[in-house]
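Q: Single-letter residue listing:
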Amino acid sequence: MTKMERAGRYPVEFNLNGEPVDGFASPRMLLSDFLRHEIGATGTHVGCEHGVCGVCTVKVDGKAVRSCLMFAVQAEGAEIETIEGMAEADGSFSALQEAFHQNFALQCGYCTPGVLMSLSEFLGRNPDPTEDEVKVALSGNICRCTGYHEIVQAAMDAAKAIREGAA
Amino acid sequence: MPQFAVPEHAEEGKFVGRRITRVENITLLKGKGQFVDDLPTKKGTAEVAILRSPHAHAEVVSIDYSDALALPGVFAVITGEDMLAETDPMIVGFENPIDYRGVALDKVRYVGEPVAVIAARDRYTAEDAMDLVKVEYKVLKPVIDPVEAAKPEAPLIHTKGDSNCVSRRTFTHGEPDDAFAAAKRTNEITIRYPRNSITPMETYAVIAEHMEETGGFDVTSNFQGPFSVHTVMAMALRIRTSALRHHSPTNSGGSFGSKLTIFPYVVVMCVLARKAGRPVKWIEDRLEHLSSANSAPNRVTRIEAAYDDDGIVSALRMEHWDDHGAYLRAPMPAPIYRMHGVSTNGYDIRHLEVVNNIMITNKCPTGAVRGFGGPQLYFAVERMMQVIATELGIDPLEMLRRNLIKAEQFPYKAIAGALIDSGDYHRTVDETVDQGGLEELKKRRDAARAEGKLYGIGYAACVEPSQSNMGYISTLKTGLERERAGPKDGAVATVTVSVDALGSVNVIGDSVPQGQGHQTTLSQIVADELGLRPHDVVVTLDTDTAKDGWSIAAGNYSCRFAPASCSAAHEAAVKVRTKMARIAATTLNVGVDEIEFTKGKIHAKSNPDNAVPFYRVGGLAHWSPSSLPDEMDPGLRETSHWNAPELTPTTANDEINTSLAYGFGFDFCGVEIDPKTGQVRVDKYVSAHDCGTILNPGLAEGQIRGSYVAAIGATLMEEFKYNEEDGSFLSGTFAEYLVPTAPEVPELTLIHPTPNPSPYTRLGAKGIAEGNQYTTPVCMANAVADALGRKDVSTPLTPSKVFEWLHDTEMQPKGATPPAPAKGKGQAIEGVGETLVPASPQEVWNILLDPEKMANVIPGCHELTEVGSNAYEAVVTLGVGPVKGKFDAKINLTDLDEPKSVTLSGTAQGTLGSSSGSGSVTLEAADGGTRVSYTYEVHLSGKVAAVGGRMVRGAARHLIDRFFKALVRQAGGEDDGGGGKRGLFRRGGS
Ligand code: FES
Ligand code: FES
Chain A
1 MTKMERAGRY
11 PVEFNLNGEP
21 VDGFASPRML
31 LSDFLRHEIG
41 ATGTHVGCEH
51 GVCGVCTVKV
61 DGKAVRSCLM
71 FAVQAEGAEI
81 ETIEGMAEAD
91 GSFSALQEAF
101 HQNFALQCGY
111 CTPGVLMSLS
121 EFLGRNPDPT
131 EDEVKVALSG
141 NICRCTGYHE
151 IVQAAMDAAK
161 AIREGAA
Chain B
168 MPQFAVPEHA
178 EEGKFVGRRI
188 TRVENITLLK
198 GKGQFVDDLP
208 TKKGTAEVAI
218 LRSPHAHAEV
228 VSIDYSDALA
238 LPGVFAVITG
248 EDMLAETDPM
258 IVGFENPIDY
268 RGVALDKVRY
278 VGEPVAVIAA
288 RDRYTAEDAM
298 DLVKVEYKVL
308 KPVIDPVEAA
318 KPEAPLIHTK
328 GDSNCVSRRT
338 FTHGEPDDAF
348 AAAKRTNEIT
358 IRYPRNSITP
368 METYAVIAEH
378 MEETGGFDVT
388 SNFQGPFSVH
398 TVMAMALRIR
408 TSALRHHSPT
418 NSGGSFGSKL
428 TIFPYVVVMC
438 VLARKAGRPV
448 KWIEDRLEHL
458 SSANSAPNRV
468 TRIEAAYDDD
478 GIVSALRMEH
488 WDDHGAYLRA
498 PMPAPIYRMH
508 GVSTNGYDIR
518 HLEVVNNIMI
528 TNKCPTGAVR
538 GFGGPQLYFA
548 VERMMQVIAT
558 ELGIDPLEML
568 RRNLIKAEQF
578 PYKAIAGALI
588 DSGDYHRTVD
598 ETVDQGGLEE
608 LKKRRDAARA
618 EGKLYGIGYA
628 ACVEPSQSNM
638 GYISTLKTGL
648 ERERAGPKDG
658 AVATVTVSVD
668 ALGSVNVIGD
678 SVPQGQGHQT
688 TLSQIVADEL
698 GLRPHDVVVT
708 LDTDTAKDGW
718 SIAAGNYSCR
728 FAPASCSAAH
738 EAAVKVRTKM
748 ARIAATTLNV
758 GVDEIEFTKG
768 KIHAKSNPDN
778 AVPFYRVGGL
788 AHWSPSSLPD
798 EMDPGLRETS
808 HWNAPELTPT
818 TANDEINTSL
828 AYGFGFDFCG
838 VEIDPKTGQV
848 RVDKYVSAHD
858 CGTILNPGLA
868 EGQIRGSYVA
878 AIGATLMEEF
888 KYNEEDGSFL
898 SGTFAEYLVP
908 TAPEVPELTL
918 IHPTPNPSPY
928 TRLGAKGIAE
938 GNQYTTPVCM
948 ANAVADALGR
958 KDVSTPLTPS
968 KVFEWLHDTE
978 MQPKGATPPA
988 PAKGKGQAIE
998 GVGETLVPAS
1008 PQEVWNILLD
1018 PEKMANVIPG
1028 CHELTEVGSN
1038 AYEAVVTLGV
1048 GPVKGKFDAK
1058 INLTDLDEPK
1068 SVTLSGTAQG
1078 TLGSSSGSGS
1088 VTLEAADGGT
1098 RVSYTYEVHL
1108 SGKVAAVGGR
1118 MVRGAARHLI
1128 DRFFKALVRQ
1138 AGGEDDGGGG
1148 KRGLFRRGGS
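Residue numbers (our numbering), protein chains in the order written: chain A, 1 to 167; chain B, 168 to 1157.
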């Protein structure tokens, strides 16, 4: 890989929720900043910028990733999914969003995009989890409002709805 | 299907009391929320970085930011000098020696205090510029503990005064001296309540622009109120309050009190925007938030009780040392005064003495944190109750029952002035005990104890105040001072309901939500009054001080919403309804009393077919003023400025009804302590809250569960730690300041007791969001005390602390003076090691004493100059974890014993903090060259210390590794990429 200049700006292109997007980033620009401020996809939030809170979680090539721990230039050519792409095509809530809605699983909603991205990856891997498994899957997402109880309930409800929908 | 603990309870056809799903979710769940940093800014808006103090207490000798300003893309830099020239001090409610302007003036007084503020084209550039600001400090001795700070020999933090105690008042209610003299028994304990904050996921955010037209500023921030502080900001900026136009956005990512003290940053950003000649935007980062945003005051309380053989308490005496850190920011020291009226909690205690010492120390200034003064107070009172019960051999629950206010005593005038509106405490306790399974829990405890396990049960009760009296802070003044200043009381809430030309309904209000679902609740209330459905009502709660109705009490704090904003919404809706009923009565040709609003229609009660659609009546008020009844104003827009007459000013003898409505909470829990680790395992936790009428059970339950988990954090893990010696801050990341995550939360058994609505609020609702902040820390502490048979317990109940108690279960002797604070563990990093360098001792010695060669050996070294005999100065760039910065280092070599040994000592100063350290190096001829052995000890402060020992230790080892690799290379050996002769290299430990 060629060495990048600190002050330089480099073109970055990837697919965001299935649509191609592009912009310019300095080598040290975080993916979270690039999404929010270059692309204008502000649904992904930041809460700590040191990899602990999970607020910035997005999916990169199907894997849940902390976008504050990744540089924008590293996302070149990737498939990135964010909260903006989660609803159904007609704009209605996905099963996971609907379960959050019905369970009062969000308050300020600041942590929610990260929580939803983590859970969507997790439920993809584990469609029939126990409550304890959900809690462990959430251990990298801090929520200061809800107390997690409703989030866990919502994840259980969503898993069930997805299973039943797929059956 | 969702499972909930709080049931729905609604009148037929009504929405208040129903679990209506939140309208807020529609955007939030799709990532379309509008938080400050999501809003578009004007082109050319600068981004801001703040250089902060690495020292807890130091004189600022000089600041040179010329290099920073010269960096391309940097627009402006401000320091204390600009603040001094362009602002007035940000005042609090009483006279004191503090001159606070948001940026350090002559001295820095806590780690993290702003020193220089930089506006640049983007944050990255602003942070680069930060590294180029040179600040010279003269370090002073700090004081961290509030009791120590009160001593005459303590370093004086604000030198215009003569003590670090900036206010001391003694309150006497009833006849405490007589009661103590007459009492059969007395007992006393001392409590140390730690520092913490609920640290919202969204940090502070401010956008500010200078407006030439008004000479003022346009600001958008996630400030939460109270808007009384708006006047403080405008006065500091020397502008009219109306020229400070403040917007709060639709969404705010949690606050829990903390977004009150964003206001000093608003003032600073305004000054910076004017100097930069463009709008500026500052988004606080997490380290800034943890180190410098906000904290609840830590407090030392000496509490003494007088009681009889049955445990009936007749009097309490309390002396508080309330630690507010380096500065007071309005409305501080409010937390301690907010609770003054309920100093006796929910107990029928008729004699009271309270001494409040408001203390200044070298820590982050305090602000609001959910619970606002309650956790500190109730920890003392509820521990006292348990200590007395233990002494007398009474069941602690029986002890509570004997002292709680009785149902027939409500409304109850507490001795310090709270007019406790309603409740049935004994019934709430009974229901909780029955439904929560206390008997079963006791059996579990007995069984566990029979097996030799450390098991305890704890109880805690609390009065939960909601909607603050704006006059309570005046209680800090003497009666005479209050008289001079004029009366302060009440708490006005403002909500406007309007109906437009097509009959659609719009609501705006002053409640500034941060996720509590206010839009949903207000839509329920207004829909009920107007016979509509909640989604027919559009509620908009972003605020604009230039256009919206607001008063000084506006904002979201101290459980204000349910009693205040909901009452105002109800009153405004009733006004609209009354007006529409008059119009409809004319149209329908019936009396106004005959009119009802149901399902979008306005009709006669006795004949529902005699009806007119809601929208048509709304339209008439706009399209045809001439058809309105006589003397009726056209249009349909009604504003309520709601205030409760019960919120009276402080009386001459210092009684104050601190809040309007008072809920009641009661918790019990069982814990087991692991004797091997000190871990507190919560076996069962039961909590009940009577908050009067429940407006939306889904939202109410969310508030209780959220408060519970925040309280679990405060009880078991969270604490802002400072080094007691040098005042450095040690909790700067979420890896150091631990907060609960999903797997760590013990399950909550939530009981819904029979509600006792408030007679003083429109809908009977009381606040619900703070209850577990009050009960949970002391409930668990009581359980741990019960398990260990220990009198002196404190939060957080971390395993290491509990483990220490396991080996020291002595009861504290009666009448003990406040214990000396535990010395914070220093952040010293120590290590030893050795390596083999392929050169003779003399050759190695020559390298060590040759500045040019050493410059190649020291990691990150740019320049090394000899400034005296065996004295050097160096510029080095070093990084630790997520932070990296430039340091100016001074190094001295002493005890030179050529070519055998030398001692190195020195200091390093940089934007990331400062460090001092020493080490000794011994050279010894060995097979294949020289064995270099070394020991070192390094002390850190500032950002490097705050991001945590763990990372720093690793980094230190890594640096030393690099140093010796380079030394081997310099001595002509091979750098094999594997650490020289790695076999001989022993890593330093700590
Ligand atoms: S912002 Fe990325 S983990 Fe916290
Ligand atoms: S909903 Fe506010 S942080 Fe999770």
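Do not rely on the hints blindly, as some may be mistaken.
Some chain B residues well away from chain A (every beta-carbon gap over 12 Å; in silico) [as the list claims (entries may be wrong)]: (1) H377; (2) V779; (3) R783; (4) E914; (5) G1000; (6) L1016; (7) E1065; (8) S1085.
Straight-line C-alpha distance at most 25 Å; calculated BS3-like pairs for lysine-lysine [to be verified]: (9) B/K199 to A/K63; (10) B/K1057 to A/K3; (11) B/K301 to B/K851; (12) B/K318 to B/K274; (13) B/K851 to A/K135; (14) B/K609 to B/K318; (15) B/K655 to B/K644; (16) B/K1067 to B/K1053; (17) B/K308 to B/K274.
Chain A is nowhere near these chain B residues, computed Cβ spacing over 12 Å in every case [said to hold, decoys possible]: (18) E191; (19) D289; (20) S330; (21) T370; (22) G421; (23) R537; (24) E607; (25) G619; (26) R651; (27) G657; (28) P864; (29) T921; (30) N1059; (31) V1069; (32) R1129; (33) F1130.
Honestly, the hints are just simulated from the structure, not real lab data. Note that the Cβ used here is the ideal one computed from N, Cα and C, for glycine as well.
Q: Compare the distance between the alpha carbons of B/K1067 and B/K1053 with 25 Å, and conclude whether the hinted pair is satisfied.
A: violated (32 Å)
Q: So is B/E607 really clear of chain A, every C-beta pair being over 12 Å apart?
A: holds (22 Å)
Q: For B/G1000, which was marked as not at the interface, is the minimum beta-carbon distance to chain A over 12 Å?
A: holds (29 Å)
Q: Straight-line Cα separation of B/K655 and B/K644 no greater than 25 Å?
A: Holds, at about 12 Å.
Q: Regarding the pair B/K609 and B/K318, is the alpha-carbon distance no greater than 25 Å?
A: The given pair, whose Cα atoms are some 46 Å apart, is violated under the 25 Å limit.
Q: Quick one: work out the minimum CB distance from B/E191 to chain A and report holds if it exceeds 12 Å, violated otherwise.
A: At roughly 7 Å from the nearest Cβ of chain A, B/E191 sits no farther out than 12 Å, so the non-interface label is violated.
Q: Going by Cβ atoms, does B/G421 stay more than 12 Å from chain A at every point?
A: Violated, because the least Cβ-Cβ distance between B/G421 and chain A comes to about 4 Å, which does not exceed 12 Å.
Q: Taking the minimum C-beta separation from B/L1016 to chain A, is that value above 12 Å?
A: holds (35 Å)
Q: Taking only the CA atoms, is the gap from B/K308 to B/K274 under or equal to 25 Å?
A: Since the Cα atoms of B/K308 and B/K274 sit roughly 12 Å apart, the hinted pair holds (cutoff 25 Å).
Q: Since B/D289 was said not to touch the interface, does its Cβ keep a gap of more than 12 Å from each Cβ of chain A?
A: About 9 Å separates B/D289 from the closest Cβ of chain A, which leaves it inside 12 Å; violated.
Q: Holds or violated: are the alpha carbons of B/K199 and A/K63 at most 25 Å from each other?
A: Measuring from Cα to Cα gives roughly 23 Å; hence the hint holds.
Q: Would the non-interface assignment of B/G657 survive a Cβ cutoff of 12 Å against chain A?
A: holds (29 Å)
Checked against the numbered hints given earlier, this structure breaks hints 4, 10, 11, 14, 16, 18, 19, 21, 22, 23 and 28; the rest are met.
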